[in-house]
Amino acid sequence: QVQLQESGPGLVKPSETLSLTCTVSGGSISSFYWSWVRQPPGKGLEWIGYISYDGRTNYNPSLKSRVTISVDTSKSHFSLNLSSVTAADTAVYYCARIPDSSGHGWFDPWGQGTLVTVSS
Amino acid sequence: QSVLTQPPSASGTPGQRVTISCSGSTSNIGSNYVYWYQQLPGTAPKLLIYMNNQRPSGVPGRFSGSKSGTSASLAISGLRSEDEADYYCATWDDSPNGPVFGGGTKLTVL
Numbered sequence: 058q059v060q061l062q063e064s065g066p067g068l069v070k071p072s073e074t075l076s077l078t079c080t081v082s083g084g085s086i087s088s089f090y091w092s093w094v095r096q097p098p099g100k101g102l103e104w105i106g107y108i109s110y111d112g113r114t115n116y117n118p119s120l121k122s123r124v125t126i127s128v129d130t131s132k133s134h135f136s137l138n139l140s141s142v143t144a145a146d147t148a149v150y151y152c153a154r155i156p157d158s159s160g161h162g163w164f165d166p167w168g169q170g171t172l173v174t175v176s177s
Numbered sequence: 013q014s015v016l017t018q019p020p021s022a023s024g025t026p027g028q029r030v031t032i033s034c035s036g037s038t039s040n041i042g043s044n045y046v047y048w049y050q051q052l053p054g055t056a057p058k059l060l061i062y063m064n065n066q067r068p069s070g071v072p073g074r075f076s077g078s079k080s081g082t083s084a085s086l087a088i089s090g091l092r093s094e095d096e097a098d099y100y101c102a103t104w105d106d107s108p109n110g111p112v113f114g115g116g117t118k119l120t121v122l
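These protein sequence lines map, in sequence, to chains A and B.
Mapping the first sequence onto the numbering used here, position 50 (from 1) lands on 107, and the numbers just tick up by one.
Mapping the second sequence onto the numbering used here, position 98 (from 1) lands on 110, and the numbers just tick up by one.
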């Protein structure tokens, strides 16, 4: 079955760019949609954005000016860049698949999540 | 503040039936499917219900979902201690054209 694994630095300085990668295994990345969701400590879930296997993107309007999501099907991974980070961007970042042809569906499965702390 | 409104907490005793509500609007729940996720302490969310009332394989029949108008509910019957978790509803919102989540409900099994 499909499994997702996030990777990237756990500590990012304020004003810098947060970069994470999600590696997909056990299935093909060349279908459906692939998404990032974050969860600040002790708080709820926030959708960041998603990308289709062929590169179409949709971002949360509240983050759109700072977010870039890309996909590399040859390496079976997709990536998140979030620029100009502040302490408010400290969160557990999850990657997830949207197994739906429109991108409007549910998130399943999820990666285990990775905590990113923004601090100098 | 979340687009979808959930009670922050719910509780029940083993064996009881509990329901968790999720309220939205015509641009989200009113015109799209609702999904539910279970997040056990210290773990990633897990899909519990999709397309309003469908259970993925492996999810016990004790969990059920329903939707009416601009609201949805998750029901858990025969409550068990391992059901203690945070539960999130989610759906698509036509404006601003993306997925949205509820604020989450912390379920305590007394």
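It should be emphasised that the hints constitute simulated quantities derived from the structure, not laboratory data.
Predicted, not measured: the structure shown is a model, and the values here were computed from it.
It is possible that some hints are incorrect.
[What the hints assert, rightly or not] Calculated cross-link-like contacts (lysine to aspartate or glutamate; reagent style EDC-like; alpha-carbon spacing at most 20 Å):
1) A:K100 - B:D106
2) B:K58 - A:D111
3) B:K58 - A:E103
4) A:K121 - B:E94
5) A:K70 - A:D146
6) B:K58 - B:D106
Going down the list of hints, with the structure as the test:
1. A:K100 - B:D106: violated (24 Å)
2. B:K58 - A:D111: Answer violated: K58 (chain B) to D111 (chain A) is near 26 Å, above 20 Å.
3. B:K58 - A:E103: holds (15 Å)
4. A:K121 - B:E94: Roughly 38 Å separates the two Cα atoms, so the pair is violated.
5. A:K70 - A:D146: Distance ~11 Å between K70 (chain A) and D146 (chain A) Cα, so the pair holds.
6. B:K58 - B:D106: Between K58 (chain B) and D106 (chain B) the Cα gap is close to 24 Å, so the pair fails against 20 Å, i.e. violated.
Violated hints, in rising order: 1, 2, 4, 6; the structure is consistent with all others.
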